[in-house]
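Student: Protein sequence lines, in the order shown, are assigned to chains A and B. full-length UniProt numbering numbers the first residue of the first sequence as 1 and each following residue consecutively. full-length UniProt numbering numbers the first residue of the second sequence as 1 and each following residue consecutively.
Treat the hints loosely; a few may be bogus.
All copies of an identical chain are treated as equivalent in the list; a pair is satisfied when it fits inside any one copy or across any two copies.
Claimed, not checked - Simulated crosslink set (DSSO-like; lysine-lysine; CA at most 30 Å straight-line):
1) K13 / K36
2) K15 / K36
3) K47 / K36
In case anyone wonders, no lab produced these hints; they're calculated from the structure. Being a predicted model, the structure only gives us computed values, none of them experimental.
There are 2 protein chains.
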Amino acid sequence: MSAIKVIEREVLKEKPQGPMGFGQLFTDYMFTMDYKEGKGWHHALIKPYQNIEISPAAQVLHYGQAVFEGMKAYRQGDDIILFRPEENFKRMNLSNARLNIPEVDVAFLLDALQQLVRLEQDWIPAGQGESLYIRPFVIATEPYLGVHAATEYQFMIILSPVGAYYGDDQLMATRIYVEDEYVRAVRGGVGFAKVAGNYAASLAAQTRASELGYHQVLWLDGVEQRYIEEVGSMNIFFVMDGKVVTPELNGSILPGITRKSILQLAAYLGYEVEERRIAIEEVMNAESVSEIFGTGTAAVISPVGSIRYQDREVVINNGATGPVTQHLYDEYTAIQEGRKADPFNWCLKINKR
Amino acid sequence: MSAIKVIEREVLKEKPQGPMGFGQLFTDYMFTMDYKEGKGWHHALIKPYQNIEISPAAQVLHYGQAVFEGMKAYRQGDDIILFRPEENFKRMNLSNARLNIPEVDVAFLLDALQQLVRLEQDWIPAGQGESLYIRPFVIATEPYLGVHAATEYQFMIILSPVGAYYGDDQLMATRIYVEDEYVRAVRGGVGFAKVAGNYAASLAAQTRASELGYHQVLWLDGVEQRYIEEVGSMNIFFVMDGKVVTPELNGSILPGITRKSILQLAAYLGYEVEERRIAIEEVMNAESVSEIFGTGTAAVISPVGSIRYQDREVVINNGATGPVTQHLYDEYTAIQEGRKADPFNWCLKINKR
Ligand SMILES: Cc1ncc(COP(=O)(O)O)c(C=O)c1O
Ligand SMILES: Cc1ncc(COP(=O)(O)O)c(C=O)c1O
Chain A
1 MSAIKVIERE
11 VLKEKPQGPM
21 GFGQLFTDYM
31 FTMDYKEGKG
41 WHHALIKPYQ
51 NIEISPAAQV
61 LHYGQAVFEG
71 MKAYRQGDDI
81 ILFRPEENFK
91 RMNLSNARLN
101 IPEVDVAFLL
111 DALQQLVRLE
121 QDWIPAGQGE
131 SLYIRPFVIA
141 TEPYLGVHAA
151 TEYQFMIILS
161 PVGAYYGDDQ
171 LMATRIYVED
181 EYVRAVRGGV
191 GFAKVAGNYA
201 ASLAAQTRAS
211 ELGYHQVLWL
221 DGVEQRYIEE
231 VGSMNIFFVM
241 DGKVVTPELN
251 GSILPGITRK
261 SILQLAAYLG
271 YEVEERRIAI
281 EEVMNAESVS
291 EIFGTGTAAV
301 ISPVGSIRYQ
311 DREVVINNGA
321 TGPVTQHLYD
331 EYTAIQEGRK
341 ADPFNWCLKI
351 NKR
Chain B
1 MSAIKVIERE
11 VLKEKPQGPM
21 GFGQLFTDYM
31 FTMDYKEGKG
41 WHHALIKPYQ
51 NIEISPAAQV
61 LHYGQAVFEG
71 MKAYRQGDDI
81 ILFRPEENFK
91 RMNLSNARLN
101 IPEVDVAFLL
111 DALQQLVRLE
121 QDWIPAGQGE
131 SLYIRPFVIA
141 TEPYLGVHAA
151 TEYQFMIILS
161 PVGAYYGDDQ
171 LMATRIYVED
181 EYVRAVRGGV
191 GFAKVAGNYA
201 ASLAAQTRAS
211 ELGYHQVLWL
221 DGVEQRYIEE
231 VGSMNIFFVM
241 DGKVVTPELN
251 GSILPGITRK
261 SILQLAAYLG
271 YEVEERRIAI
281 EEVMNAESVS
291 EIFGTGTAAV
301 ISPVGSIRYQ
311 DREVVINNGA
321 TGPVTQHLYD
331 EYTAIQEGRK
341 ADPFNWCLKI
351 NKR
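Based on the sequences and whatever the hints tell you, model everything.
Tutor: Here it is as structure tokens:
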């Protein structure tokens, strides 16, 4: 693909002062690129952040043919880094394949993203727990009501400066509700892919859990409704007999990049790590579960203070953040925020030019 | 809600001459209505069919919070009718409830739809098997990347004149492929609702079946991958020992309006009807399956000529349309197209004014 055309805006927006929340505020520019069958991806463009115009018959609006990614750019002193961006574009291609969306060019997008973030570098906040959230996504734009893989798509990247996910109290322990009626995903379905429909399908359970006073839903597998999958939009980890344990990838769990990174980091820090099937009874009965935490790009690491399944609630580590969770959180965010060296080469430094 | 404002267009489009296909051609006008938390549904409008403008952060593009419906208007001599439109708006509210989308007002929408179709009556084709396809849908428009039930929505109705689904050969017997790897839906999920994400998730299986030379995918249940659910975007019926049998609604099958109507019609015509669980082996082994057909608004009734499961293919009724299928098809379309009286009050006559 040829070079990326840039359309400049005349007036820049005010940068936020004070709390930024998550995903409500967008920067000055966006990246867009189109796909048409026979022509491939083309017309790569950086342009002022603006509404898009689509046909009311666009497939995405009817059949949910859409995938997305989420990653972050951090300030590290004078530097700017992207955290494992290649992993996200590769995962997008997994999602694309599952929904019959054409592959994107990872190397090209890595360049495009760097160009966009370079242009928007003043939008990356510098506070603790703050970052620039990056949302690449693809939507099917072909105006046709037949159920089929679309022949036209739009790829976009939008950027949103974000604060710490749970506000000031970054390591607030959350209460989670084990969902035993609604199902998020099943093997043979789309649970392993970051596809739009998974999230709409999760709202009812999340709403019920919130009404009952819980922060997040813990999902069980769709076949037996017995094995632990993930929690809200995070993967889940247990500290059991000193080991760091997480459900194995099984086709219905999203392969989180934070999950993968935490497994690597924990092993590096000397913990024994394990990926395996974990039944809910094991967690509800075991004296041996000393800590639970969720992992995801948005919240990074989020300790779980209690877990409710049917009519029982188990408090974990007295409802406080445990030592292993704290240790992993400190080491992980130190790498992301540049306070410690990055032995894994996770941080991609952007040339600020 | 107050009266519907109408914005007229200056130049009308050319009506199609010749084959219309399905869902590619749209009429002159569309209906739209907005929702905002605290304000409810408002701003009902009939306006020229046109592109819509939405934020790139609109929830529908990321999280698939979208539902739709599909129904038809027919010409009956000089009259125009809508086929069971109330059923569709009621089902939309079931889908809405599952995705935490606010309820729509069925009575108001029935009025709005009649007003729209009255205005567009010249678009309703008169040929055999032809009709005006009606697509109501709701999308979440709130520009916010937090995963939550949106606070802003748009409801729309667009119209598309359509020919017979399989072209001239309306009762062409189809070849179906029993999918034993991909799963469409599971109990506790969203299979019973007409939500966008279900269709994107079905594309991979449909594509594979097409590549193998089959017309449609037959879906098995998500838990045991053994019980028959539906086929493509249709419900499925079997003629077994003279009885008309279809899978019972179980939370993962879409409750088709054609399904419901055919059950009623078959009983009225003197067939014994049955809704129950049907295992795939039963169909693959039974001498007693004399006919199979699919039902849905788009294709109406679609005979199945052969069914392939794993490495076996069974030909049904020598690959031809069977007598029960033909009988139901003739009687059903006669009611829709006004060639016979409508004992069930399914046809809602529109005042042409
Ligand atoms: C369903 C789901 N599970 C887990 C995760 C965590 O993935 P990652 O660590 O790549 O952000 C996410 C996304 O962030 C998700 O949406
Ligand atoms: C998945 C699915 N099953 C069955 C049907 C048949 O439903 P109806 O008869 O209401 O058109 C449809 C839609 O048309 C569908 O999308």
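Student: Each hint: holds or not?
Tutor: Each hint tested on the structure:
1. In this assembly of identical chains, the alpha carbons of K13 and K36 lie at most 30 Å apart only when taken from different copies (26 Å versus 33 Å within one copy).
2. Taking the closest pair of Cα atoms, K15 and K36 come within 30 Å of each other only across two copies (27 Å); inside a single copy the shortest separation is 36 Å, beyond that limit.
3. For the homomeric pair K47 and K36, the shortest alpha-carbon distances inside one copy (20 Å) and between copies (29 Å) are both at most 30 Å.
Of the numbered hints given earlier, the model fails none.
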